[in-house]
Amino acid sequence: MHHQFRSPEGPIEVTVAKQGESWYLGSLEATPMPDGRLRILNDDGTVMFAHLVKVGDVWWVHVDGHTFKLERVEPGASDTDDGGGLTAPMPGKVLQVLVDVGQTVSSGTTLMVLEAMKMEHRIVAASDGTVTAVHFGAGDQVEQGVALLALEES
Amino acid sequence: MVSKVLVANRGEIACRILRACNEAGLASVAIYAANDADSMFLELADQAVLLEGETIGETYLDQQQILAIAKATGADAIHPGFGFLSERADFARAVGEAGLQWVGPSPEAIEQMGDKMTARITMRAAGVPVIPGEEIEQEEEAEALAAIESASHRVGYPLLLKASSGGGGKGMRAVHSPEDLIESAKGARREAIAAFGDGRVYIERLLTGSKHVEIQVLADRHGRTVHLGERECSVQRRHQKVFEEAPCATMTPDLREAMGQAAVAAAEAVNYEGAGTVEFLLASTGEFFFLEMNTRIQVEHPVTELVTGVDLVREQLRIAAGEPMSCGPLMMRGHAIEVRLYAEDPENNFLPAIGPLAVFRPPEGPGVRLDTGVREGDSVTPNYDPMLAKLIVWAPSRAEALQRMRRALDEFVVLGTTTNIRFLRELCDEPEVVTGQTDTTTIDRLWPDGWHPSVPRSIEDAALMSAAVGESAGLHRTVSVVAGSSSGPVSPFATLHRRFP
Chain Z
19 MHHQFRSPEG PIEVTVAKQG ESWYLGSLEA TPMPDGRLRI LNDDGTVMFA HLVKVGDVWW
79 VHVDGHTFKL ERVEPGASDT DDGGGLTAPM PGKVLQVLVD VGQTVSSGTT LMVLEAMKME
139 HRIVAASDGT VTAVHFGAGD QVEQGVALLA LEES
Chain S
2 MVSKVLVANR GEIACRILRA CNEAGLASVA IYAANDADSM FLELADQAVL LEGETIGETY
62 LDQQQILAIA KATGADAIHP GFGFLSERAD FARAVGEAGL QWVGPSPEAI EQMGDKMTAR
122 ITMRAAGVPV IPGEEIEQEE EAEALAAIES ASHRVGYPLL LKASSGGGGK GMRAVHSPED
182 LIESAKGARR EAIAAFGDGR VYIERLLTGS KHVEIQVLAD RHGRTVHLGE RECSVQRRHQ
242 KVFEEAPCAT MTPDLREAMG QAAVAAAEAV NYEGAGTVEF LLASTGEFFF LEMNTRIQVE
302 HPVTELVTGV DLVREQLRIA AGEPMSCGPL MMRGHAIEVR LYAEDPENNF LPAIGPLAVF
362 RPPEGPGVRL DTGVREGDSV TPNYDPMLAK LIVWAPSRAE ALQRMRRALD EFVVLGTTTN
422 IRFLRELCDE PEVVTGQTDT TTIDRLWPDG WHPSVPRSIE DAALMSAAVG ESAGLHRTVS
482 VVAGSSSGPV SPFATLHRRF P
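Residue numbers (this note's numbering), protein chains in the order written: chain Z, 19 to 172; chain S, 2 to 502.
Careful: at least some of the hints might be erroneous.
To give an idea of the chain Z side of the interface with chain S (calculated C-beta under 7 Å), a few residues [to be verified]:
(1) V73
(2) V81
(3) F86
(4) V131
Partial selection, computed: residues in chain Z whose CB lies under 7 Å from chain S [said to hold, decoys possible]:
(5) H21
(6) Q22
(7) F23
(8) E27
(9) V32
(10) V34
(11) Q37
(12) W41
(13) A48
(14) G54
(15) W77
(16) W78
(17) G83
(18) L88
(19) P109
(20) V117
Taking lysine-lysine and the DSS-like style, the derived pairs with C-alpha atoms no more than 30 Å apart in a straight line are [stated by the list, open to error]:
(21) S/K171 - S/K72
(22) Z/K111 - S/K5
(23) S/K187 - S/K117
(24) Z/K111 - S/K72
(25) S/K242 - S/K117
(26) S/K5 - S/K72
Quick caveat, the hints were computed from the structure, so don't treat them as lab data.
A virtual CB, placed ideally from N, CA and C, is assigned to each residue, including glycine.
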């Protein structure tokens, strides 16, 4: 089966094939275990065990002391980044909202100020555009990764 | 007599203390804020009482409310843990005035050690070496600057200007050459006045390449004050300890004895009672200097427990009850290392992370100890400190302890929340750490431009394959903990790039 994931290095496409109880990718053979882990056999005979869990759209995988976050990309999804960087970089509180919906802004304009762990973070427009949505107001708590505002590029 | 202990803390250290109470046959009371209603430490107490209020100030720091709960539940002692009210002399005094036993030193001892200038002067009087330097008493700017200029010749460069009532790096300036002195002094005074309303600064020699070495002390009411050897905590990031060990790799028996005696003298100078830690800077010359005394149990106390065989929290309870401490002459055996697991993103400037602990599988096996306040299924929230756990290992030698720590970190699985586990694991491979030549600048020097993991290609392929197989086989449906585990966005990435609702 074919899947696409997004990693920090960009999109990755993977095709795994099933035969009997096992799955194959190149020289690797993976077999699901009763507790939800995968037993992965290398062609040199060594074996690894993977813990995996899906949280939201993200697969969290632990193999051999390394942890990976792989976001699954739904088939047919567009490849452009709709976040525009206007997401909360960490959990915190909205200190100030400096723009209104409909306002046109130029690249570099500060749109919102967040406070987290006693540090201020400025959310800045990456391009010229029009503010199409403001999702939070001053005083609101925000979680890491949530969209704070939306900006339509002009 | 102590028969029922109220633990005025939460999380990992509350668990540690509540377990000690249980082992000592003491009844226990936990207190908790509403957002801790499902936290693990409540399960370890005989009873748990809700703190009214929203903020930390209205809950874990509300002295009157905590005292009222102690009265209502019949507790006769209060253990403050660390952080929160643990170094608040006014609370220690209020506890005593309410007829309850404070598990810790007297309010006077807390006060004397809490003020940096007073502590420095008290220690010098007790014959404990302090960092060479001078206090500047002048308050008027021109006079103060003249006095600083004059003192700088005696102290020598590089030097450090520190605010008398300072803390948290405010009003602190490192000065490397005489040309920068006056500007730096003005800046330090300005910051100190703004932050503390007190512009007085003192000058210390700046000791670069020093180790942070601290001595654990115990003192009881029967005239006995002892030290339990040292811990080295040089590996720090922004003054936050990351990797702690006992003994210090470069310690000698003579130096240990000298530092231990200095720590005992420091404790005796303030009539100390209970467990405390005297922190020193250990210069590469072998000279050591008093930094400060922490008048409470410390985060890194387990490494001392593992090499000395002394249960420090149990001794705290024993001493508070008026009994003599139970430990005999100091015997250190083997080597212990502690690392602090944080919910943070080491690849992104160590920003705090949140999320569910969808999988939380700590390592097991010989010589491994885990002190934590969370379990699988919990969520990491921005409400409190992001420390998830302390992983501590013991082995006969330092080299074996490092090997054991690597093995344990490789086994530690946390999924759903970003952690610093891999950072800690790679730290264990750094030559400075391997040889024990760490100092307080180690992390900044090793990763000046931030840290990124090195991942073998084969592991990356296996991970990618796992996600693909998981998706194809629907394996996530077998992990029930994810569904309904928490409210709100469950992952930092959950809404980051979402295409479809």
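Cross-check of the supplied hints:
no.	hint	verdict
1	V73	5 Å, holds
2	V81	5 Å, holds
3	F86	4 Å, holds
4	V131	16 Å, violated
5	H21	5 Å, holds
6	Q22	10 Å, violated
7	F23	6 Å, holds
8	E27	10 Å, violated
9	V32	4 Å, holds
10	V34	5 Å, holds
11	Q37	12 Å, violated
12	W41	5 Å, holds
13	A48	5 Å, holds
14	G54	4 Å, holds
15	W77	4 Å, holds
16	W78	4 Å, holds
17	G83	4 Å, holds
18	L88	4 Å, holds
19	P109	4 Å, holds
20	V117	21 Å, violated
21	S/K171 - S/K72	39 Å, violated
22	Z/K111 - S/K5	39 Å, violated
23	S/K187 - S/K117	21 Å, holds
24	Z/K111 - S/K72	37 Å, violated
25	S/K242 - S/K117	20 Å, holds
26	S/K5 - S/K72	11 Å, holds
Hint violations for this structure: numbers 4, 6, 8, 11, 20, 21, 22 and 24, all remaining hints satisfied.
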